[in-house]
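Please work from the sequences and hints to get the whole structure.
Just so you know, the protein sequences line up as chains H and R, in that order. For the first sequence, our numbering begins at 3 and goes up steadily by one. For the second sequence, our numbering begins at 837 and goes up steadily by one.
Treat the hints as calculated values from the structure; they're not laboratory data. None of these values were measured; they are calculated from a predicted model. Check each hint, because a few of them may be wrong.
Claimed, not checked - Selected chain H positions facing chain R (in silico; Cβ < 10 Å): (1) I60; (2) Q63; (3) G83; (4) A114; (5) V291.
Unchecked claim - Covered, in the sense of this in silico footprint (three residues per stretch, anywhere, with C-beta under 8 Å from a C-beta of chain R), are these stretches of chain H: (6) 45-59; (7) 184-193.
All residues carry an ideal CB built from backbone N, CA and C; glycine is no exception.
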Amino acid sequence: MSVTLGVIVPGLPHPLLVPEQNEGWMRLRVAYEQARQRILESGADRILIYSTMWPSIIGHQMQADPTPTWTHVDELFHDLGSMPYQFRIDAPFAERWAACARARGLTARTVAYHGFPIDTGSVVALKLLNPDNALPAGIVSSNMYADRAETVVLGKATADALEQAGHKAAVVVVSTLSNRLFTDWVPPAEDRVHSQKDDEWNRKILEFLEAGRLEDVAQLSREIQKQIRVKKVVNFKALWWMSAVMGQSNRFAGHVHAYAPIMGTGGAVVTLTPTREGFGDKEFDEEDVEVFQGERSVLTRA
Amino acid sequence: MSNGRIVAGCLAPHPPHLVYAENPPQNEPRAECGWEGLRWGYERMRKDLDRIGYDVLIVLSPHWQTYIGTHFLGVPRCSSLSVDPIFPNLFRYRYDLEVDVALAESIRDEAEREGLVTKMMRNPDFRVDYGTITSCHLTNPTWDKPIVAISSCRATAWYSVEVMQEQQLALGRATARAVAASGKRAVLLASNSLSHRHFTTEAAVPEDMSREHVTSHALYLWDMRMLDLMRQGKNQAVLDLMPEFTTQAISETDSGALTWMLGALGVPELPAEVYAYGTVIGTGNAVVGWYPPEVTP
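Structure below.
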């Protein structure tokens, strides 16, 4: 396998900008640093991000500006401060990544424009997991119209691209678990997960991940979306991608580095190391898919 | 100061394709043509707005999405480069705009009185969203008037269209009071499409109009239903149908922009002028104006 480590992180800016304001945000910040160390120790030579906070419409988009440079401000938490950045993107790999996606029937393109608005989640993840740009990075959007088939195929295309290039990558999903924010301003010291139900679901997901059961969680994605996710722009589908890149199995050593609320959402930093151990292959509910075959013209035939 | 008034409410959608096709000097990509129906509709609306005269544009954009309350741009001058995250090949626009911060703060204060959660945006590094820029550019390409920019509080996602409408009608009332107290003549821009299902592929030449049509007939029927009500002046019926329309047509009215604008006008029985209807990458878009009788252009 070309993936040395899977990492799940929340994308809200609090652990980056104001960790000192809340004990949980600080634990997440420390956990980010632990995950960074794990990435370095894993032997990865690339870091690939799937961000649920970068929606796209024309298929999936891969960032291909070699040195994107900007000062980013979050559209909601703008009062927490600005995030200046300069990243090191592997542009040739982005082209290969997009080509591999197209080869499996997906619509995909690279974007390389000065000033392109890299999303808050990708900025936070790269600044904390790869602060000195030690590893060339890749970022892919979350296609708002993609469901499981496209997302799984995108994961397999990502694995294809890594294999072809001979790279070893840490793959990172930027997503909260439960995503319900408070609808009013809550003092940092009073932050908590929005509801007990959200908290219980988050802990159940983390229990699975700690046991290395990545594909099992991926199979639960639709239920998780129903139970603890507000329908914003994209559904809870990032783990379809991650599991597909990592071989669609439960053979991982999972470690939950931290779990804490961020303005009502459930944020966790988790790492998954490939191993021969684990729960092995299961009889999964949803069929596997290798190539995306289009929208099947459902609307036009109506 | 008093005797300010809202002189027009406009449905002013923000597909970046329209700015792209206009080829203004601020936008880097160049187009051959495209989406003339909508662009010429905007042109006719501009002429009418120029005839009645106004001091400020107040815009609510679906692409400044805030999940905690309604936010207001609170920086007097904003200059930067706006790149559309969805269509960066079409929209890379250098903007330099003036914000009427005093009016923004006044609307914010009135919104607080209505019980809404609010926040002023004071970070000078903040990048103005492309929805705001596109709707304002197409309404006033000379940028010779200040704007007030309001975010879209995502109550539809959090709760329901009904809760969103309750909040946006309150924001509309707050806007009307603040404008009245300001002594200014304001034009309101609801920066949203109608039906909002995109194609997921793009033509090699984006302005290839042989590829442009509404995504489905069902969405077209919904768009026509809403426009027909607007033309008849049945604006309360527009609001009454909003939950079903928003859900069935996957409409960008989920942003609350149209509800806010109609609310600020007092949901009048007032026929609208539909300047244009057209599709952009499959979504339904209309350029529409509502003019109180005493300021009819």
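For each hint, the structure was consulted:
Interface restraint check: H/I60 against chain R, minimum CB-CB distance 5 Å, threshold 10 Å, status holds. Annotation: H/Q63 was flagged as interfacial toward chain R, and the flag holds, the nearest CB pair being 8 Å apart, inside 10 Å. Annotation: H/G83 was flagged as interfacial toward chain R, and the flag holds, the nearest CB pair being 8 Å apart, inside 10 Å. Annotation: H/A114 was flagged as interfacial toward chain R, and the flag holds, the nearest CB pair being 9 Å apart, inside 10 Å.
For H/V291, the suggested interface contact is broken, since its CB lies about 17 Å from the closest CB of chain R, more than 10 Å. Interface restraint, the region 45-59 of chain H with chain R: holds (4 residues with C-beta to C-beta distance below 8 Å; minimum three). Counting residues of the region 184-193 of chain H whose C-beta lies closer than 8 Å to any C-beta of chain R gives 4; at least three are required, and the coverage claim holds.
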